[in-house]
Amino acid sequence: MKTSFILSEVLTGLRRNLSMIISVVLVTFVSLLFIGSAVLLQMQISGMKDYWYDRVQVAVFLCPPDSEAPTCAEGEVTQEQKDAIEAALSSPDLEDYVEEVHFEDKATAHRLFEEQFEGTSLEGTVPEDQMQESFRIQLADAEQYGIISEYFSATPGVEEVVDQNRLLDQLFRILNVATAVAVGIAAIMTLCAVLLIATTIRLSAFTRRRETGIMRLVGASNLFIQLPFILEGIIAAAVGSLLAGGVLGVGVHFGVSGWLQSRLAGVSLVNLSDVALVTPLLVLVGVVMAGVSSWLTLRRYMKV
Amino acid sequence: MITFDKVTKSYDHRTAPALADLSFTAEAGEFVFLVGASGSGKSTVIRLVLREEVPTRGRITVAGTQTARMPSWKVPHLRRGIGTVFQDFRLLPNKNVFDNVAFALHVIGKSRAAISTLVPDVLETVGLDGKQKRYPHELSGGEQQRVAIARAVVNKPGILLADEPTGNLDPATSQDIMDVIKRINSFGTTVLMATHDSSIVNSMNRRVIELRSGEMVRDEVGGYRPEVTQP
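Chains as they are written, first to last, in the numbering used here: chain A, 26 to 329; chain B, 72 to 302.
Hints were generated in silico from the structure; no laboratory data involved. Mixed in with the good hints there might be a few duds.
The calculated lysine-lysine pairs, modelled on DSS-like cross-linking and capped at a C-alpha distance of 25 Å, are [said to hold, decoys possible]:
| # | chain 1 | residue 1 | chain 2 | residue 2 |
| --- | --- | --- | --- | --- |
| 1 | A | Lys27 | B | Lys166 |
| 2 | A | Lys27 | B | Lys204 |
| 3 | B | Lys202 | B | Lys227 |
| 4 | B | Lys166 | B | Lys181 |
| 5 | B | Lys227 | A | Lys27 |
| 6 | B | Lys77 | B | Lys145 |
| 7 | B | Lys204 | B | Lys181 |
| 8 | A | Lys27 | B | Lys145 |
| 9 | B | Lys181 | B | Lys145 |
| 10 | B | Lys181 | A | Lys27 |
| 11 | B | Lys166 | B | Lys204 |
Stretches of chain B that chain A covers, calculated by requiring three or more beta carbons in the stretch to come under 8 Å of a beta carbon on chain A [to be verified]:
| # | stretch |
| --- | --- |
| 12 | 143-153 |
| 13 | 171-177 |
For each residue, glycine too, the CB sits at the ideal point set by N, CA and C.
Using the sequences provided together with the hints, build the complete structure.
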């Protein structure tokens, strides 16, 4: 009885306030779209970090036969040079900084290359004997890259020391900037949504002040009086957040899985299951945002 | 039923209080007129009983509870024991007579079965049987006020507050409305009625509390004495 009465009140409110409700739906939709994008970007970053930080190391590339680097003047790296480098890596000077070392020979390098570019135009373009040998070093602390780099800068047989983390960090920096932009826009849009919900609820309460006045007079509880208005805001926000989830899903399905993935072979990108994870979060954020802002509005404008 | 104990109410400390040091008691089943010119504090008394306001000083006890001490979540329960009628009827224009009265029961969570027996009963009490399906705009002013009274008393409150209930009605209709209120009073409901309709007060010969600028100037059984209260 009570429930059906409240629901009929909610429907009346939604009908009477249709244009405002639609604007609440749209503003929530846009704000949550940006929140969702920010979350997906961060999921992308942390997914890539998990994936790469285990694999990416400091690589000490050894001299190939025809290098122009000054440390490679004597031609291709020799077995003695390799032994000296390996010994240096486990010497007391460096052992504190080095977690793990393994040697990547030409065959392994070639196999990894073929795997990485499988299905792209680069597959099969580089013969095995042109691949470069390297020591792959897992650092105890990724920030200590400089020590390794300096140590081997003048070592004969070492062409170059590359910290692959640096390359990734640049990518992460770009993604983080994109996240910050999305969060900034989301913050502004969320503020708009909160204010608009508050205004809409005020308007709704104003158009029904006769009903609520009588309710107060005959002793309806505050919850009973306020619930229809709060539900109105919550329903509008829930519709907006579901829309945001839907649009994110469409965007990820066609834009990321469909378009970007074919150009970034071998990189694991966000997909629909991530969107399925984010959407309930968006609905929760939308519902809480609408619930709290309409409740605060009613507390302020509908006195006992 | 209603006790005011040295009640002062100021809305703004720079101006004279709306009520000053008012004390009276209305016993259960009593009929009390509250008379005085506009601005004398009658409506403030009504609002204080309903706990729409709390007194600045003094104590108000309604149905055994001191209103100022009551937490706000308990106020609805207080109001379920008070019926209120206003000059402007305050009906819902898009609901018919039955639904207007039933609304008061719906919103306090009464069952459909209770509503279907209580509403016809009260409509009969106020003399509106047979007009359940009418809408407010199809009713005369007197009939609309009967609907409002029915809504106020359908939950069988111990107190009926009436703020100028005949203010929008002609003398004959006013008398009919007074008969309805008298009937409700005869069932044991305490009635506190604010009015400046002297003919009604004179014809009823009940207890009269007269206010002037927020102060009680008279509390006795009798008539209106217009020569004292006219501004």
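Holds or violated: Lys166/B to Lys181/B, with C-alpha atoms at most 25 Å apart: holds, 18 Å
Satisfaction of hint between Lys145/B and Lys77/B, Cα-Cα up to 25 Å: Status holds; Cα separation ~24 Å.
Distance restraint between Lys181/B and Lys145/B, which requires alpha-carbon spacing of 25 Å or less: Given pair Lys181/B, Lys145/B holds - Cα atoms ~18 Å apart, limit 25 Å.
Lys227/B paired with Lys27/A [C-alpha distance capped at 25 Å]: holds, 20 Å
Distance restraint between Lys27/A and Lys204/B, which requires alpha-carbon spacing of 25 Å or less: holds, 23 Å
Proposed proximity, Lys227/B with Lys202/B (alpha carbon, max 25 Å): Holds, at roughly 21 Å.
25 Å limit on alpha-carbon distance, applied to hinted pair Lys27/A and Lys166/B: With a Cα-Cα distance of about 18 Å, the restraint between Lys27/A and Lys166/B holds, given a limit of 25 Å.
Restraint check for Lys181/B with Lys27/A, where alpha carbons must lie at most 25 Å apart: Holds, because 8 Å separates the two Cα atoms, which is no more than 25 Å.
Verdict on chain A covering the stretch 143-153 of chain B, criterion of 3 CB contacts below 8 Å: holds (count 10)
Given pair status - Lys145/B, Lys27/A, alpha carbons within 25 Å: Cα-Cα ~19 Å, so holds.
Satisfaction of hint between Lys181/B and Lys204/B, Cα-Cα up to 25 Å: holds, 21 Å
Per-stretch coverage check for the stretch 171-177 of chain B, three Cβ contacts closer than 8 Å to chain A: holds (count 3)
The structure meets every hint from the earlier list without exception.
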